[in-house]
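Number of protein chains: 2
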Amino acid sequence: MSGRIAHAGLAALRMDADHAAALIAPGMTVGMSGFTGAGYPKAVPLALATRISDAHERGEPFRLRVLTGASTAPELDGALARAGGIDFRLPYQSDPELRARINRGEIEYMDLHLGHVAQYALFGFLGRIDVAIIEATAILADGRLLPSTSIGNNKTWLDLADKVIVEVNQRQPLGLDGMHDIYYGTAMPPDRKPIPLLHPGDRIGEPYLRVDPAKIVAVVETDAPDRIGRFSPPDDVSKRIAAHLVEFFRHEIRVGRLSERLLPLQSGVGNIANAVLAGLREGGFRGLNAFTEVIQDGMLDLLADGTLEMASATSFSLSPEGVDEFVRNIERYRNRIVLRPQEMSNHGELIRRLGCIAMNGMVEADLYGNVNSTHVAGSSIINGIGGSGDFARNGFLSCFMTPSTAKGGAISAIVPMVSHVDHTEHDVAVVVTEQGLADLRGLSPKQRARAIIAHCVHPDYRPMLADYFERACRDSFGKHTPHLLPEALSWHQRYLNTGSMRA
Amino acid sequence: MSGRIAHAGLAALRMDADHAAALIAPGMTVGMSGFTGAGYPKAVPLALATRISDAHERGEPFRLRVLTGASTAPELDGALARAGGIDFRLPYQSDPELRARINRGEIEYMDLHLGHVAQYALFGFLGRIDVAIIEATAILADGRLLPSTSIGNNKTWLDLADKVIVEVNQRQPLGLDGMHDIYYGTAMPPDRKPIPLLHPGDRIGEPYLRVDPAKIVAVVETDAPDRIGRFSPPDDVSKRIAAHLVEFFRHEIRVGRLSERLLPLQSGVGNIANAVLAGLREGGFRGLNAFTEVIQDGMLDLLADGTLEMASATSFSLSPEGVDEFVRNIERYRNRIVLRPQEMSNHGELIRRLGCIAMNGMVEADLYGNVNSTHVAGSSIINGIGGSGDFARNGFLSCFMTPSTAKGGAISAIVPMVSHVDHTEHDVAVVVTEQGLADLRGLSPKQRARAIIAHCVHPDYRPMLADYFERACRDSFGKHTPHLLPEALSWHQRYLNTGSMRA
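One line per chain: the protein sequences are Z and L, in this order.
The opening position of the first sequence corresponds to residue 987 in my numbering, with each subsequent residue numbered one higher.
The opening position of the second sequence corresponds to residue 987 in my numbering, with each subsequent residue numbered one higher.
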């Protein structure tokens, strides 16, 4: 196993996770690897959670600031949260235990565009990074790291942290070698240069992560899989959403605004996203590209059959079956997948240049096309904005998708006014539910409202929404974006009071 | 005067404004020059307004879709709105008559990031452009146009419109020749390349606007000044806002996050922006750069005395005195000012690469750092988002400034929840009022709320806001972004009901 640690000095730093965790002190800021449940450290955070629990039992405070790429897994966010060890967290999370504590007000969480994290750290806006804990597939003879199944912010944590702990996970396939592309041309303004990427598959950097071996204080060997659940096959609602979107793309091709090969796809994570990918395959699309954050099972399928020519991302998010397929056919995928730092996968400059088609899920949209991606009832966070803003603002097209209702119909995903805004009216081009698709491009607020009422809202809520809009058009203070302020958020409050948004 | 029309074929197309206006038919989409009251056509829109009024008197419908660079003047937006001739307008406006009609629901208005307009038109999202009406300083022998005091979207309207009407305004100084930089390297994705601009003063294009002479259907000679009012000297509140911001910059220099030369400044229009520029000069800053939208009087002063080395913008917005100073010393300014299409002045790729310091006014901010730049009471539009989103999202620092109260104290600019969101919590780094400055970088929502309450809110409203926050922290459904939905917008409704937000 130490064959994966080819640097003699670093091999000498091998220790168990407990000893590595002992190098981390209360109050530190720790930058961890991990993006969408892939490539996160498997052992040290668990040992750290134990260390923290022990300290708390002795009555000693022990909390950390935890920065990652995006979401991780129960062994990291779950364990540290349960131990009461997280003081502050950014930039994205999806762990139930962590989320519950954030929403109880016990943990401070900052929700940040995934494409902005690295530069904010570099600018000094996030404070000093004391320790980086980074999973790697192997350590090369010169000390560089062969990355594992995600890159996320690893380059940045390795560059900025005072000390580095590397977890070498022998479960990660060595066949990943050559799939990564780490761009080292970034700089602080005013010394920045254009990023020389012109196509999703371009390689503009190096396959390995640089790190000063003198900063490495521990190397921990692990043998554990990424923890990613199975995806359920697309349900009928997801398929209908996908069908509306594919039909829209067909229309855009007919009128000459898109070519048959579309433009690079960005696709969020989850069942609707997988359904859209499946819909493109079934719709006969070929030779497409993806410039996105995450490679899911659905994307592997499309790479396998030629629907997708090339996929660029910062992470895999594969089910156990997806991992098997990937490892079995890794040579087939090698030249068609590029993993980049999230600083690049989510870089506004690249997303705009390439003209990505952004397709993201959402919590709710309002009459005027404002989108809430993060909050329930304006106050309770779900996961975070992730990269949706990077792509929605900078892409060629920004599409937001959701079933028209949730909780068995008790919640309408189309409301008079969203309870939290993550994407403003200025950044939302297309809203899709299983009911239909509203094309908001080039429309004023009231024109958007009519399109959304006609196409997106569930029939059970359509009369309520149409009634609100009609009364707002009559009684609103201003008639540009008609609203009745005492009622604007009343659907959410009714849900909190009665368990349903229905009147 | 025809000395300004060096192309013989085009000189033959000279006609008066009435004849030119007669070329425009009901229902057309017209792309006009004009940005912040500069470089707009002076004669044809007025003639068009008369033509429209005459048609309406005959009972004939006559309405247009009017697209511009940004705001224009009474002779354009005011006259056409008063004639009832505008059906749809984008992307920015500030004319009182037009605004009133938008807010009465008579005119549809789409408020768009100024840096997105050109590409949306190119993508086909704004429909066909029938006619462009563009003010120029002169027409060259080969038919190219020497632009006037703004560029805005002129390149795009000239490229896309079926027909072109040029107004040659002899009041615009010929000395502008050489100040413009029109970049012709843009393309549709997937054929886009990096934009080769590395410093605010770089010239990457040509000094003249290309236009196919065969598309030009009329040339109208005018002799009229841009209509820009005088700026009042900075008042005490503006000076205090500026002082907080300058002190913050000094702090950032001390801790090493900014150099003495700062980074390229983007500065909104108006008295606070002018006060900040004056504060930088008085603070002894030297050798700064501006990469911004508009060159105001305050910026000329800084160029004159060396505070500013170079300024890049898309428009002048000078008072009559500023115009005199500019024309008198035009040779001194020539090499230190570059005017670009707004597609470039507001391009996210360039703003992020250069690391602009974004400083924009706002209507209101809320506890959590969400910013409303456009709406009163969530429904009534003031002007528009302009370029504030281009710079806030992509800049090195995004600062929003406002007096802490308006209407003699009846309105607090810091509220529990903004009534409209133009800049989300993810995009706002610094909030400044005359009360103080809240540095929101790296903070969770509740940490931001405490900073904003401590530093920004007016003392008259501080107890109310602190009380809301405290009760929300106790009673909110979720404690990540604590809110009491029935109260969240109650300050605005109280203002509508009673004329004051005070309880």
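Bear in mind the hints are in silico, worked out from the structure with no lab data behind them.
Don't take every hint at face value.
Since the list can't tell identical chains apart, any single copy or any two copies may satisfy a pair.
[Said to hold, decoys possible] Below, a list of computed lysine to any residue pairs in the SDA-like style, where the Cα atoms sit at most 20 angstroms apart:
1. 1149 x 1037
2. 1393 x 1464
3. 1225 x 1083
4. 1149 x 1005
Results for each hint:
{"no.": "1", "hint": "1149 x 1037", "verdict": "within (19 angstroms within a copy, 74 angstroms between copies)"}
{"no.": "2", "hint": "1393 x 1464", "verdict": "between (34 angstroms within a copy, 18 angstroms between copies)"}
{"no.": "3", "hint": "1225 x 1083", "verdict": "neither (31 angstroms within a copy, 48 angstroms between copies)"}
{"no.": "4", "hint": "1149 x 1005", "verdict": "within (14 angstroms within a copy, 75 angstroms between copies)"}
The structure is inconsistent with hint 3 alone, although it conforms to all the rest.
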